[in-house]
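J.: Sequence:
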Amino acid sequence: MEFNQKEPIYTQIIDDIKIKFINGTYKLGDEIPSRRELAKTLGVNPNTIQRAYREMEEMNLIMTARGQGSFLTNDPGMLESLREEALHEAVSRSIELLRSFGKSDQEILETMKRYMEQGKGL
Numbered sequence: 286m287e288f289n290q291k292e293p294i295y296t297q298i299i300d301d302i303k304i305k306f307i308n309g310t311y312k313l314g315d316e317i318p319s320r321r322e323l324a325k326t327l328g329v330n331p332n333t334i335q336r337a338y339r340e341m342e343e344m345n346l347i348m349t350a351r352g353q354g355s356f357l358t359n360d361p362g363m364l365e366s367l368r369e370e371a372l373h374e375a376v377s378r379s380i381e382l383l384r385s386f387g388k389s390d391q392e393i394l395e396t397m398k399r400y401m402e403q404g405k406g407l
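Here the sequence shown is numbered in the numbering used here, starting from 286 and rising by one per residue.
Everything labelled a hint here was simulated from the structure, so no lab data went into it. Predicted model only: the values in this text are computed from it and were never measured. We treat Cβ as the ideally placed atom computed from N, Cα and C, and that holds for glycine. Misleading hints may appear alongside valid ones.
Stated by the list, open to error - List of simulated lysine to aspartate or glutamate pairs, EDC-like, C-alpha gap at most 16 Å:
hint, residue 1, residue 2
1, Lys312, Asp360
2, Lys325, Glu342
3, Lys303, Glu316
4, Lys303, Glu369
5, Lys303, Glu370
6, Lys303, Glu374
7, Lys305, Glu402
8, Lys312, Glu322
9, Lys325, Glu374
10, Lys303, Glu340
11, Lys305, Asp315
12, Lys325, Glu365
13, Lys305, Glu395
14, Lys303, Glu365
15, Lys303, Glu392
16, Lys325, Glu340
17, Lys312, Glu365
18, Lys303, Glu343
19, Lys305, Glu370
What the hints assert, rightly or not - Derived Cβ-Cβ restraints for the label pairs, each shown as a range:
hint, residue 1, residue 2, range
20, Gly354, Lys398, 42 to 48 Å
21, Phe356, Ser385, 40 to 46 Å
22, Ile380, Gly352, 46 to 52 Å
23, Asn289, Ser377, 33 to 39 Å
24, Arg384, Gly352, 47 to 53 Å
25, Ser319, Met344, 16 to 22 Å
26, Pro331, Gly404, 25 to 31 Å
27, Arg321, Gly404, 41 to 47 Å
28, Met401, Phe288, 32 to 38 Å
29, Lys325, Gln353, 41 to 47 Å
30, Glu287, Phe356, 42 to 48 Å
31, Gln335, Lys305, 17 to 23 Å
32, Leu382, Glu340, 39 to 45 Å
33, Lys398, Asp300, 26 to 32 Å
Full structure from sequences and hints, please.
T.: What follows is the structure, given as structure tokens:
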């Protein structure tokens, strides 16, 4: 994982785990790497990982069982909520970018519709 300089590392770690959950790399109830293991793998301070895991616990994205590890939620509603959040974020960013190119909302809508009808980008 490569980190950018614009966001705190712990939020990038949270986003990475969310993406892996959304795209199916991690499944409901899967165990995720231990704090120590992930810190070593990513080459970051263990306190950074601790903060990311604490935040994810507060979001109810993960649960930690003492002596057993940390596990993703078993709640399919949480997964669906994360997928919806990611969809809205992606659409919003795309529209904002296309508007900055001078495209009207109607042009954006027509292009998206045409693109999807042709099966591109899927």
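J.: Against each hint, give a clear statement of whether it holds in the structure.
T.: Here is how each hint holds up against the structure:
{"no.": "1", "hint": "Lys312 x Asp360", "verdict": "holds (11 Å)"}
{"no.": "2", "hint": "Lys325 x Glu342", "verdict": "violated (21 Å)"}
{"no.": "3", "hint": "Lys303 x Glu316", "verdict": "holds (14 Å)"}
{"no.": "4", "hint": "Lys303 x Glu369", "verdict": "holds (12 Å)"}
{"no.": "5", "hint": "Lys303 x Glu370", "verdict": "holds (11 Å)"}
{"no.": "6", "hint": "Lys303 x Glu374", "verdict": "holds (13 Å)"}
{"no.": "7", "hint": "Lys305 x Glu402", "verdict": "violated (28 Å)"}
{"no.": "8", "hint": "Lys312 x Glu322", "verdict": "violated (19 Å)"}
{"no.": "9", "hint": "Lys325 x Glu374", "verdict": "violated (31 Å)"}
{"no.": "10", "hint": "Lys303 x Glu340", "verdict": "holds (12 Å)"}
{"no.": "11", "hint": "Lys305 x Asp315", "verdict": "holds (11 Å)"}
{"no.": "12", "hint": "Lys325 x Glu365", "verdict": "violated (31 Å)"}
{"no.": "13", "hint": "Lys305 x Glu395", "verdict": "violated (31 Å)"}
{"no.": "14", "hint": "Lys303 x Glu365", "verdict": "holds (11 Å)"}
{"no.": "15", "hint": "Lys303 x Glu392", "verdict": "violated (32 Å)"}
{"no.": "16", "hint": "Lys325 x Glu340", "verdict": "violated (20 Å)"}
{"no.": "17", "hint": "Lys312 x Glu365", "verdict": "holds (12 Å)"}
{"no.": "18", "hint": "Lys303 x Glu343", "verdict": "holds (14 Å)"}
{"no.": "19", "hint": "Lys305 x Glu370", "verdict": "holds (14 Å)"}
{"no.": "20", "hint": "Gly354 x Lys398: 42 to 48 Å", "verdict": "holds (46 Å)"}
{"no.": "21", "hint": "Phe356 x Ser385: 40 to 46 Å", "verdict": "holds (41 Å)"}
{"no.": "22", "hint": "Ile380 x Gly352: 46 to 52 Å", "verdict": "holds (47 Å)"}
{"no.": "23", "hint": "Asn289 x Ser377: 33 to 39 Å", "verdict": "violated (19 Å)"}
{"no.": "24", "hint": "Arg384 x Gly352: 47 to 53 Å", "verdict": "holds (52 Å)"}
{"no.": "25", "hint": "Ser319 x Met344: 16 to 22 Å", "verdict": "holds (19 Å)"}
{"no.": "26", "hint": "Pro331 x Gly404: 25 to 31 Å", "verdict": "violated (46 Å)"}
{"no.": "27", "hint": "Arg321 x Gly404: 41 to 47 Å", "verdict": "holds (45 Å)"}
{"no.": "28", "hint": "Met401 x Phe288: 32 to 38 Å", "verdict": "holds (33 Å)"}
{"no.": "29", "hint": "Lys325 x Gln353: 41 to 47 Å", "verdict": "violated (20 Å)"}
{"no.": "30", "hint": "Glu287 x Phe356: 42 to 48 Å", "verdict": "violated (26 Å)"}
{"no.": "31", "hint": "Gln335 x Lys305: 17 to 23 Å", "verdict": "holds (19 Å)"}
{"no.": "32", "hint": "Leu382 x Glu340: 39 to 45 Å", "verdict": "violated (28 Å)"}
{"no.": "33", "hint": "Lys398 x Asp300: 26 to 32 Å", "verdict": "holds (30 Å)"}
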